[in-house]
Structures are given as C-alpha cells and as structure tokens.
Amino acid sequence: MKANNVERLWDYDAVEQGQTGTDTLVTLTAENIEEYAAASQNDNSLYRKAGEDASSDNLLIAMPTMVVTYAPLLRENIAEASGFVALERSATARRQTPFAKCEIRWFAPVSEEDVITGSRRVLEKYERRGSRFVTFRVEASNQDGLKVGEYDYTCIFDYAKGQRSAQGQSDTDTATDKYCNNGDTQYKKYTDLMVGDSLRPLVITERTDVILRKDALRLVGVSTGSNIHTDEEFARQNIFGGAVNAGPSTMSYVDQMLQGTFPLESFYSGGKLLMRAITPFKAGDVVNFTGELINVRNDDHRRFLDCRVKGVNQAGELVCLADATLVTGC
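Here my numbering is used: the first residue of the sequence shown is 2, the next is one more, and so on.
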C-alpha cells in the first residue's frame, strides 16, 4: 500500500502487538506430505506411499515440523491486513527479516485429508543487546475445530550496529552416512534412555537444489521469487553475506534426527521443539546433529523426556541449538 507515492513500510516501529493476518485454509494431500519429507532430505518410508500402499486406507501422517508449511507465517499477509508493505515485498527498501528462533508445540497428529485453518498474529516485539525482534504466533486447527499445533516464530527486524557478518560459504561436498554411528556406539531405545544418554545422531549435507525445493514448497501464499535463500546477489546485500537455508529447514533436520530415537507419536502427544539459529547453514555445509537426554519427568501416566540437540558444521561452528520435549506413556 502506498500513500503519496511513499510506501508505508512495516518496519519495527510500525509493528504492533495484536496485529493479525487473514486465516488460511489448506487441505493436506499425501503428495504434500511426501514432498515436504523429500524437501527435508527425509527418506523415511513413514512419509511415502508406494506400490500397493499408494491406494491403501492408511493415511500418511505429516512430519511434525510441517506445521510451518500447512500453516505458514506469512509476514506479508499480516502487514497488508494492517495497511502496510512488508519489508520483504518493498519496491524501494527491500530487505529480509530473518529467522532467529522458533518454538513449536503439538497437540494432535495431522494427516492427509485434514483441512487445516491457520491463523497468525504479532505476539510481541522486543529489543535485546541493540537488536530488535518480533515474535509471531501461528495456530493450526483441523476440520473438527481441534487445535493441532502452534508455534512462536521470532524474526530479526534490525541488527545491532557492528554485529558480525556470517562466515563464507563452505566448499565441502562430503558424502557421509546420514545416521552416523560413531564407531561401535550402541544407541538405546527411547524406552531405555537415562539422563545423560546420547541420542542417535544425524549428518546432513545442505545442497542448493534442496534449499530451492524447500523454498518452492508453498501450500498457501505466493513466493517473492527472490530472497536470502534463493537469490545469491540479494543475499550478499544482507547480513549473512550469501544465500542460506531457512530456519524451518534446519528445524526439519532436528525433527528427523529426533525421530531416529523417538516414535512419531511422542511429538503429537504434547511434544514441543524450540530451536535457535546460531551460524548460517549454507549449501555445501555438513552439519552433525547430536543430542542427549537431559531430564525425565513423570506426570499423569505420561513420561516427559527433555532433550538438548546441537548442530555443528564442518568448521566446528555451532549452527543451531535446540531443546525438545517428547511425551510417551509411562
């Protein structure tokens, strides 16, 4: 929207707590679920229909982190509904408001044929150490009116002066076993885990084609066609100094890593995942995701398993730090 030929930019000062976007409606298909898993480099057969299974009555259940795809953030939707132009859509001052952290909470499984309503609003904005952040709340409900999940997504609207820029892109193109067994280490089943035990790790090599595929997977909303994930020239003008993957993509890798130890239902029974982005994850980077069980709580016939996950790249840099709670029966 423009007034007197000047864009009303939705910058930090224009953002207000409680600003809302319009609701979105997505009917989830098996193809959507399969494509999300493929774009997340997840080849688990749980997320594929093949052969005779393709026509079976068994419905595919979505990867937990797919909530950010079937109920997307859509900053530009909130901006437009509030009478502004999102910074990512500006014709005169376009820039990115990148991912800082996200916490997802799950309440019920989501499968193909579910019709998901997504709602979004500004939850809060705050300043910390000279940088300015905005947190959005997105809620997802199914066709029965049941809230199946929600997440709080924090974006960086302004950086503190003098904040370091990101490291350069790695040239590494190492092929490696995704589930790294670390020699003869034997990883326990989730039912046998004790505090301090290691979780089964995961190694991911990021690739340009994967970044592009994930960015193109939109069930609602329109791509800008140019952002810090897909446009190297534009990305160089932003703080990362080059194209990077999206924070939710890294979350999907943490999701996959945790599923190496825990069953899918442990997410959808009241689980949660908080991930903070630390160092940009670029094409060519090889990141080793490792984790451990840090606490166990029992309550009302349920077992809550608190885990800490770290993603470290080939240069030894911390890429992400995540805290997850998985819920099982006692």
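Worth flagging that the hints you see were computed from the coordinates, not collected in a lab.
Model, not experiment: these values are computed from the prediction.
Keep in mind that the hints are not guaranteed to be accurate.
[Unchecked claim] Simulated pairs of lysine-lysine, DSS-like, Cα-Cα distance not exceeding 25 Å:
| hint | residue 1 | residue 2 |
| --- | --- | --- |
| 1 | LYS273 | LYS126 |
| 2 | LYS126 | LYS162 |
| 3 | LYS273 | LYS311 |
| 4 | LYS189 | LYS273 |
Now the hints, each set against the structure:
For a cut-off of 25 Å, the pair hint linking LYS273 to LYS126 stands: about 22 Å separates their Cα positions. Annotation: proposed proximity of LYS126 to LYS162 holds, straight-line Cα distance about 19 Å (limit 25 Å). For the given pair, LYS273 sits about 16 Å from LYS311 by alpha-carbon distance, which is consistent with the 25 Å threshold. Under the criterion of a C-alpha separation no larger than 25 Å, the hint pairing LYS189 with LYS273 is consistent with the structure, at around 21 Å.
When the structure is compared with the earlier hints, no violation turns up for any of them.
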